[in-house]
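Going line by line, the protein sequences match chains A and B. Each residue of the first sequence is one higher than the one before, counting from 1 in the numbering used here. Each residue of the second sequence is one higher than the one before, counting from 154 in the numbering used here.
Treat the hints with care, since some could be wrong.
Below, simulated EDC-like cross-link-like pairs (lysine to aspartate or glutamate); rule was C-alpha separation at most 20 Å, straight line [as the list claims (entries may be wrong)]: (1) B:K662 / A:E66; (2) B:K681 / A:E83; (3) A:K139 / A:E119; (4) B:K780 / A:D68; (5) A:K114 / A:E47; (6) B:K662 / A:E83; (7) B:K662 / A:E47.
The hints are simulated quantities; they were obtained by calculation from the structure and are not laboratory data.
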Amino acid sequence: MNPRRRKLLITATFIVVGVTAATLLGLKAFQENLLYFYSPSQIAAGEAPQTRSFRAGGLVVEGSVERDPESLIVQFVLTDTVENITVTYDGILPDLFREGQGIVANGNLQADGKFKAFEVLAKHDENYMPPEVADALTKAGVDMSSGNGHSQK
Amino acid sequence: MIPELGQFALILALCMAIILSIFSIAGAARNNTDWMSLAVPLARTQFLCLVIAFAVLVYAFITNDFSVTYVANNSNTLLPLQYRISAVWGAHEGSLLLWALILGIWMFAVTLFSGGLPEEFVARVLGVMGLISIGFLLFLLLTSNPFERILMAPAEGADLNPLLQDFGLIIHPPMLYFGYVGFSVAFSFAIAAMLGGQTDTSWARWARPWTIISWVFLTLGIALGSWWAYYELGWGGWWFWDPVENASFMPWLAGTALIHSLAATEKRDIFKNWTILLAICVFSLSLLGTFLVRSGVLTSVHAFASDPTRGVFILIFLGVVVGGSLLLYAIRAPALTSTGKFSFISRDTFLLINSVLLVVVMLTILLGTLYPLIIEAMGLGKLSVGAPYFNAVFVPLMIPVAIALGFGIFTHWRKDQWSRIWAKTRMAAIASVVVGGLMAIMLVDSAVLKTAVGVSVALWIFITNIISLFARRKSLTLGFCGMSCAHIGLGITIIGITISSNHSQEVHKRMGPGDRVDVAGHTFELAKISQIPGPNYQATEAIINVYRNGEIITTLRSQKRIYFARGNPMTEAGIDAGLTRDIYVSLGEPLEGNDWSLRFYYKPFVRWIWLGALFMGLGGILAASDKRFRLKRTKKSAIIVDEDAALSTA
């Protein structure tokens, strides 16, 4: 093998190893950060993961919001009209969080069966229904023919 | 009658675009001078028609003409005048009209500034831009007509989304669109060069100033959007890896690769194929971005499918643009041989590394943005890709880009010696690593390593660029100054991102009037909560006194507004801006009694993020004004470029 070929081979090896490593790391990061959506019915049926974060969504049950009088801890119930899931959150809820509103929360299932959210999302439009929630409600048998969302931004 | 005039002007613009593309492309192919000479007047007429159409829509908004559906859905008599005007591009139909108008403006600019270019080339460029206009105007007229009327005009409009009632949102979309659409010029130049079978690199030189200016618009547009999100969304974030943001960032990354690759192609006759592919890719991403944001596909794949004509049209249009240009590329590519040779250690290599890495970064973002849509469209479930993915791939890939940048500017074209480059850059490398490390140790905090890397990389960019500016002080060109300025801007942005991401402090707290809280050496006192009426909203305002070492330094006001028309709540943050830190307060939600939840942020160096973008924009303007890009008319109407200037570097 002449020196020029050897140089070329070394370079090519470096590139291949580098690209492979980068791709593997990238795909690993990708896999770890996929957040799947589960409806209250799916969570009740035990389909949601126990250890991994996921998205849960539904309508906030009227009268279910309980606030801790001293801190920002808040608890509310999400429903798809068939099953419910209790969500706890320590933080400030978004402007459009309201009882009866469709919301999506990112978080984990706790040992006590409650969903601990690290993020609560309510889109900035009073008519807006998160598509996941709309879909979950349709699956649970609610007529969703009225009111479609506006696009944002 | 007036809205119908707008409709008529749009149809006329479409006719102009059709005649323009037929005559100028066919004329160039058959070398028919009469046909080609129609290109400039037709393009200008089309531009005029679009100005009329746009003015008509603006007029409808100003006069509250709610018989026009689009106005009724997006405006309101209580809306202040400046927001009634910006509401024109506040939703789907109007923003597409703005897109078409801006395309008309760029075409008009091409007719003004291409006097020295060969006639058939200008004809082809305008013809290709005319083809793009046809697509957009058909889309507007067939599926998204902004002039559509309601039979029973409502007495009051539905109002503009309050988030969009803001100065940042008046100028953010036009800036972004000038960037997106500006890349159609580079795209058209590349297509025109391929149509004409041009195998030399003159098109690259002609395309460079256009590409740089578009990139400047896009850079500033993205920065404005990020700044708007920071102060308007009320929780201190400036980038969320939201699909809407990614849609504008992908063309920026590919566009950055393109301006570097164009430089190499023009000067060294290399990467011809790659540059043409990049030009196609940047414009396709701009189209994708426009449609992703405006078609409703991001809200839900179902929203996209709920209006099948729009969805199908978009897919066909994207397919024609991408497929057509790639087909042309496949036919012409074999003739595009790059004659330039270069060895492994050369500026050429560094530029190649730069553009390949930027494209890889763009692809990883594309994956994260489109994957949830594809999975949902195939019915495989619903998911989203979290921001940590984007951070995990973006940051490590951008570090080598920044390192290559510092070496690249010292390296000669074609062939260089590693020992020579290292001798020039050694001090910069040592200084940036040492200072970066020391700064990280001084900031006793958790994120020491991240800060050290970020600050070192930024210092590396600063020092190498300043040394190279100094070394060339006797033969400085605008192009070189612009390049250094933009690179230094990148460094400034890196500092801002690194320090504000890793060393911000935030406290969320429940407070009543008179309560105090300490954040990062500052004491915040909620002095008063009061009700304040606005023009089209009612606001609750919190007055917060900020103390440092017992002395009051500023008083901040944050509002929670309820807009009358839709009952939407909105948060206005109170911000004390500074070069080295921002203090940021925003009202959360009302709790029992007189208590509110409040957010307090201390954000060091956050302004540098946008300051860096301003430097990049200024650098782009300097580079594009370099005299080497000025076309000179000669008797034969051929191009002669100042040879002294051609020796300089960009």
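Hint by hint, here is what the structure shows:
1. A distance of roughly 17 Å separates the Cα atoms of K662 (chain B) and E66 (chain A); the hinted pair therefore holds under the 20 Å criterion.
2. At roughly 43 Å between alpha-carbon atoms, K681 (chain B) and E83 (chain A) are farther apart than 20 Å, so this suggested pair is violated.
3. Distance restraint check for K139 (chain A) and E119 (chain A): the Cα-Cα separation of roughly 25 Å exceeds the 20 Å cut-off, and the hinted pair is therefore not satisfied.
4. Restraint check for K780 (chain B) and D68 (chain A): not satisfied, since their Cα atoms lie roughly 67 Å apart, outside the 20 Å limit.
5. Proposed proximity of K114 (chain A) and E47 (chain A) is supported: the alpha carbons are some 15 Å apart, at most 20 Å.
6. A C-alpha spacing of about 33 Å is found between K662 (chain B) and E83 (chain A), which places the hinted pair above 20 Å, so the restraint is violated.
7. Among the hinted pairs, K662 (chain B) with E47 (chain A) is inconsistent with the structure: their alpha-carbon atoms are about 36 Å apart, more than 20 Å.
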